[in-house]
Structure formats: structure tokens, C-alpha cells
Amino acid sequence: MRRNITAYGFLCGALICFAFFSWYPMVWEVVLSFQQTNFVDPPIWVGLENFVTVFEDAAFGPAWRNTVMFTVLALVFGYGVPFVVALVLNELRHARAYLRFVVYLPVMLPPAVGVLLFQWFYEPEYGLFNQILGFFRLPALDWLNSTDTALVSLVIVSTWMNLGTGTLIYLAALQTIPGELYEAAELDGAGVLKRIWHVTIPQTKLILLVMLLLQIVATMQVFIEPFLLTGGGPENSTVSVVYLMYQYAFNFGNINGGNALGVMLMIVLMVFSAVYLRVSREDKS
Amino acid sequence: MPNLTVIPESPERPGGSGPAAPAAARSARARRPRRKIRQEFRTVVSPHQLTSRHGRVIYWTVLVTVVVSFTAAFVFPLYWMVTGAMKTTEDLVQIPPTFLPPRFTLDAYAEAWELMDLSLLLGNTALYAGGAWLFTLAIDVTAAYALSKLRPVLGKLVLALMLATLMIPPMVIMLPAYLTVKDLPLLGWDLLNTPWAIWLPAAANGFNIFLLKRFFDSIPRELLEAAEIDGAGPVRILWSIVIPVSRPILGVVSILTVVAVWRDFVWPLLVLTDSEKMSVSIGIASLSSQMPQNVLIASLVIASLPTVVVFFLFQRHIMAGLTAGSLKG
Numbered sequence: 001m002r003r004n005i006t007a008y009g010f011l012c013g014a015l016i017c018f019a020f021f022s023w024y025p026m027v028w029e030v031v032l033s034f035q036q037t038n039f040v041d042p043p044i045w046v047g048l049e050n051f052v053t054v055f056e057d058a059a060f061g062p063a064w065r066n067t068v069m070f071t072v073l074a075l076v077f078g079y080g081v082p083f084v085v086a087l088v089l090n091e092l093r094h095a096r097a098y099l100r101f102v103v104y105l106p107v108m109l110p111p112a113v114g115v116l117l118f119q120w121f122y123e124p125e126y127g128l129f130n131q132i133l134g135f136f137r138l139p140a141l142d143w144l145n146s147t148d149t150a151l152v153s154l155v156i157v158s159t160w161m162n163l164g165t166g167t168l169i170y171l172a173a174l175q176t177i178p179g180e181l182y183e184a185a186e187l188d189g190a191g192v193l194k195r196i197w198h199v200t201i202p203q204t205k206l207i208l209l210v211m212l213l214l215q216i217v218a219t220m221q222v223f224i225e226p227f228l229l230t231g232g233g234p235e236n237s238t239v240s241v242v243y244l245m246y247q248y249a250f251n252f253g254n255i256n257g258g259n260a261l262g263v264m265l266m267i268v269l270m271v272f273s274a275v276y277l278r279v280s281r282e283d284k285s
Numbered sequence: 001m002p003n004l005t006v007i008p009e010s011p012e013r014p015g016g017s018g019p020a021a022p023a024a025a026r027s028a029r030a031r032r033p034r035r036k037i038r039q040e041f042r043t044v045v046s047p048h049q050l051t052s053r054h055g056r057v058i059y060w061t062v063l064v065t066v067v068v069s070f071t072a073a074f075v076f077p078l079y080w081m082v083t084g085a086m087k088t089t090e091d092l093v094q095i096p097p098t099f100l101p102p103r104f105t106l107d108a109y110a111e112a113w114e115l116m117d118l119s120l121l122l123g124n125t126a127l128y129a130g131g132a133w134l135f136t137l138a139i140d141v142t143a144a145y146a147l148s149k150l151r152p153v154l155g156k157l158v159l160a161l162m163l164a165t166l167m168i169p170p171m172v173i174m175l176p177a178y179l180t181v182k183d184l185p186l187l188g189w190d191l192l193n194t195p196w197a198i199w200l201p202a203a204a205n206g207f208n209i210f211l212l213k214r215f216f217d218s219i220p221r222e223l224l225e226a227a228e229i230d231g232a233g234p235v236r237i238l239w240s241i242v243i244p245v246s247r248p249i250l251g252v253v254s255i256l257t258v259v260a261v262w263r264d265f266v267w268p269l270l271v272l273t274d275s276e277k278m279s280v281s282i283g284i285a286s287l288s289s290q291m292p293q294n295v296l297i298a299s300l301v302i303a304s305l306p307t308v309v310v311f312f313l314f315q316r317h318i319m320a321g322l323t324a325g326s327l328k329g
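Going line by line, the protein sequences match chains A and B. Position 209, counted from 1, in the first sequence is what the working numbering calls 209; the numbers after and before it change by one each time, with no gaps. Position 91, counted from 1, in the second sequence is what the working numbering calls 91; the numbers after and before it change by one each time, with no gaps.
Honestly, the hints are just simulated from the structure, not real lab data. Glycine included, each C-beta is placed from N, C-alpha and C at the ideal position. Watch out, some of these pointers could steer you wrong.
Stated by the list, open to error - Incomplete in silico selection of chain A near chain B, CB under 10 angstroms:
id	residue
1	Gly9
2	Cys17
3	Met69
4	Leu73
5	Phe101
6	Phe118
7	Thr165
8	Leu174
9	Pro178
Unchecked claim - Anything over 10 angstroms on all C-beta distances counts as not near chain B; from chain A, calculated:
id	residue
10	Asp57
11	Pro62
12	Leu117
All chains should be modelled from the sequences, with the hints used to inform the complete structure.
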């Protein structure tokens, strides 16, 4: 009994913080999405009206399309590349500390710094990227100002800032593979590629799957890149779900619409989270 | 092949540190013929392939390519940033750009410091990060200790609820969390533009609870029971036994918390709207369109220095936290 009282005495700070800033908002998110509130009068229950409002918004389709496109493109660059980079780094016997440090450096910059830095690089006339293209006699691009390249430009920033995380996690995973496995495979006559296919990939399968799910959940919440670089433009070509959610709450004065979008995103992301939970539990058993 | 696998030596360094870490003993042996490629760690490419003439050529080609391309991709942009801030606005729009600034000057840095009031912004951010650090340690360490060692009734449920928050992406609940901070339920306090809006939500961190509890679980019971027999109460045990033996994990949690608060953008964007209270990321972003290009770049350099220095000093802790995060189950 006394033990319980002491224990809850120790827990009370955490319980208060979690209750106010995690558990309560989670529930309130769902409640608000079915209400119409102005925070002066008592809230009115409106059923699915908020969902209908956001669904009929001209930016709704583009927001989801862009978010999915952004996630897919970020996976193409940000998922496979770190694994290959980690594989190569793991073979190197020199400059490892330097390479590990350097690849993680962008991750340590505040995201606002990375994004504003790239804004300068993307400058159409004298920006670094068009200068480099010019140096190789390639045509200049419009980067953030063209509907064709704006989304890809955001993916490049995001990948540059986040590549280090995946690389270092894969590298740590590669280092846990027992060398005997490679030796056995070699004795069986497997070449380098076959060793990767039959030893490295099965041995890191779980972490590869976990990282896939984590990355999907992380990139689907893209916000800061469109917020700082494009404002969702040009022509809604970079508006994302979270950005639209922010606009509903702070620019359109319809926080309930924002909550409706939040609930939709929550449902989508919780599917991935549930798969992630399943995967990591299977690993334990 | 004496040493084939990398085993985490301590909770502080789970596997991620690689061959560089326990190298001291081996390097004397391995470095004798200076150009020899070290091969204590068996990886995909066999030592035999690595030392053949053909293999060595490939190895050095790959090494040079990787070093050059990494430097170009990750160091050059930062070089361009640091030197860009040393150029005048006229130099910056020059085509083609100069690789080195024509004159060495720190004027833009001084101007950024003045115009954007960076001392205020950096001071604010330090206050937010420092306070978040204290609250996180005080609240999460006691909670994890209670869940791990005191094991109260419903403790399992509380832990599950705390870990469940990891499954809810933070962006998704940002609007209701903002409303909560604006008008705290039951109490009616408005925490907007106060440090509490950063400090308290930072402490509600399921991942910290997870890391700390897992570490406390590994502290042998006998150690605590011995202290209990000697008459030490739970507070005394936490303070004199658990905390001293948990230094590595406390280091990881501290660094992760401080860096997370320092880098955060969306949450301070919502809750710190007053320009006197802004964190450095928000302050710079909100002023970015009104500043001359070189001043803006200088402010970016100044804003990134603290985290880069922290990374330089605490690399090991940061990478340990990273791998612990990915391998959680």
C-alpha cells in the first residue's frame, strides 16, 4: 500500500504532463472534428459536416496526392540510398569516423536552417544549383517556382536533411551480422552480390521493414518544407495534408476543419503504426 | 580472424560505434605496414579479395569516390553557407560566383546579430532547452523509476498508455495540443508565449520513459534490496544508487531532449507567436524575407552553431540514442 502511494507520488508529474499534452489532445482531436466551435459559445455537434467541408475543398485532392507523392519520392531517395551508402561504408576501413560525422551533420542543423539554406540554393538566377547546372552547360531550372519541379525540390531538401539517420541506423545493424555467415557463404561459392542478397538482406530484413514504416509515418507529416519554401504553391502543387491542416486552423479560421483533416491523417498513419507494432512484436517472439 | 562481431560494450554504445571504438588494442598490430587495409571485421567483401591487387585498386577507388562525394554533398553546402555570409550582397549575385569571399569580413555576422536580435532569440532558445532538460529529467526519471522498480498497481497500464503516445504522430494532434496550451483544461491557464508551453509538453515523452525504464530494469534487484535493508527509502535509493549508475542513459536522454527542443519548429511556431518570446528557428524564419541575403545566411550559421558544437562534443551519445530508437521493440 505504502509502496503504491510512493510510486504514484513519483509518477504524478509524468501523469499530469501526459494527461494534458498527449492523452487529452488525442481524444479532443476526434471530438473537435465532429463539432463546430468558436470557443465562446458552447460547441455544436455537426456530425460529418467538417469532413464534408474539407473534402469539397479544391486543395483536398492535391494535398493528399502531394503528400503521397512526397512520401513515395522521399522513399525512392531516402530509403534505398542510405542502405547502399551504409553497405559501402561498412566495407571501408578508412575515414569511417569522418564519413559518419559528415553524413549526420545535416541532421543536426535545425530544420529551419536547412530549409532556408536550400531556399537560397534554389534561387533561379544566382542560386548555387543553377550555377552548377550552368557550369556543366545544362539548362537552368525553375526549382520552387514551377509546378513540375517544386515538389521534387522539397523532396531534395528533406532527403538531404534526413539521409544521415537511416545511414547510421543501417550501419549499426550491419555491424551486428556475424562474420561467420559471410565466410560460410563464401565457402559455398557465393560472390559479393549473392552474399548481400542471401546474407546481408535476410539478416537486416527486420530493421529494413521497421525503417520503411517509420519513414512513411515521418514523411507523411511533411510541413516545414512547404510552409517555408512554397506556401503550398505554385498552384497547390506542394500543399500537403499537414500544411492544409495548419491553414484551416490559422488562416481560414476553421479549426474544426483542421481537426477533421487531422483525424483522417491519424487513421492513415495508425494503420502503418499498427503494422509497425505487429512487426516489432513478431521479432520478440 | 580473432574478432568477428561487434558486441555492444555498454548501454551507452550499442554496436553503432564500429571498429573505430575498440581499435586501440588492435591498431598497433594492424597499422604496422602502413598502407595495409584493416580487416578485423569480416564484412561482405572477404579479406582475401580486399588484399588482392585487383581488390586494393577497387577499394581505394571506392574510398576516394565516397569521401569526395560525401564532402561535396554534405560539407560543401555548409562551406557555401559560412563563406556566403562573408560576401557582400553584390558578391552574392555575381555570376559566376567566387569560390572564396573576395574580402574576409564578419560584418554580416555582426549585422545579423544586431538586426535579428539573435542574442535574445538564442537566450530564449537556451531557456527553453535548459528548462525542458530539467523538467524531462525530473519527471521522466522518477516516472520510469516508479514503473520499473516500485511497480505499483496498474503500473503496466500506465506504461502502455505512455508508450501508446509513440504511435500517434505529433503533427496529427498539434491543433488540440495548441488549444490545450492556450486554455488549460480545469485550470484555465493560458500558457501561450510562456516557457511552460515548451517545458511541460517536452516532458510528456514516451520514448524517454521507454529508454529509462529499460535501463532501470537492467539494474540488479540485489543492489536496491541491499540499500533497502540498510534503511534507505525510495527517494534515497533513486538519488544515491539508481541515478549514479544510470549516467550513460541520462546522458543520452539529456542530449536528445536538448537537441530536440533546439531544433523543433512546428510546436514553437504555434505556441510562441510573440516576437520577444520566439525561439531562434522561428525568429529567423519570421524575419527571413525582410533581411538582406548575406545577413540571413549569417544568421543561419549562427543558429546552427550550437547544435553542431553539441554534436561534435556528444557524438557518441547522439548516435547511441539514434540506434536505441530504431531497435526499440
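* Asked: With a cut-off of 10 angstroms, does the beta carbon of Cys17 (chain A) approach a beta carbon of chain B closely enough for the hint to hold?
  -> 4 angstroms, holds
* Quick one, is the Gly9 (chain A) hint okay against chain B at 10 angstroms, beta carbons? -> Given a least distance of 8 angstroms, the restraint on Gly9 (chain A) holds.
* Least C-beta distance from Pro62 (chain A) to chain B larger than 10 angstroms -> For Pro62 (chain A), whose nearest Cβ neighbour in chain B is about 18 angstroms away, the distance exceeds 10 angstroms, so it holds.
* Any CB of chain B closer than 10 angstroms to the CB of Leu73 (chain A)? -> 18 angstroms, violated
* Asked: At a threshold of 10 angstroms, is the proposed contact between Thr165 (chain A) and chain B supported by beta-carbon distances?
  -> 7 angstroms, holds
* Asked: Can we confirm that no CB of chain B comes within 10 angstroms of the CB of Asp57 (chain A)?
  -> Check passes; 16 angstroms lies beyond 10 angstroms.
* Does Phe101 (chain A) meet its interface restraint, that is, does its C-beta lie within less than 10 angstroms of any C-beta in chain B? -> 7 angstroms, holds
* To do: Mind checking the CB of Phe118 (chain A) against every CB in chain B and telling me if the closest is under 10 angstroms?
  => 8 angstroms, holds
* For the hint on Met69 (chain A), just tell me whether its beta-carbon gets within less than 10 angstroms of chain B. => Nearest chain B Cβ about 18 angstroms off; hint violated.
* To do: May I ask you to test the interface hint for Pro178 (chain A) with respect to chain B, counting a Cβ-Cβ separation under 10 angstroms as satisfied?
  => 5 angstroms, holds
* Asked: Quick one, is the Leu174 (chain A) hint okay against chain B at 10 angstroms, beta carbons?
  -> The hint holds - Leu174 (chain A) has a Cβ within 10 angstroms of chain B, the shortest such distance being about 7 angstroms.
* Against chain B, does Leu117 (chain A) hold up as non-interface, every C-beta pair farther apart than 10 angstroms? => 6 angstroms, violated
Hints 3, 4 and 12, counting from the list given before, are not met by this structure.
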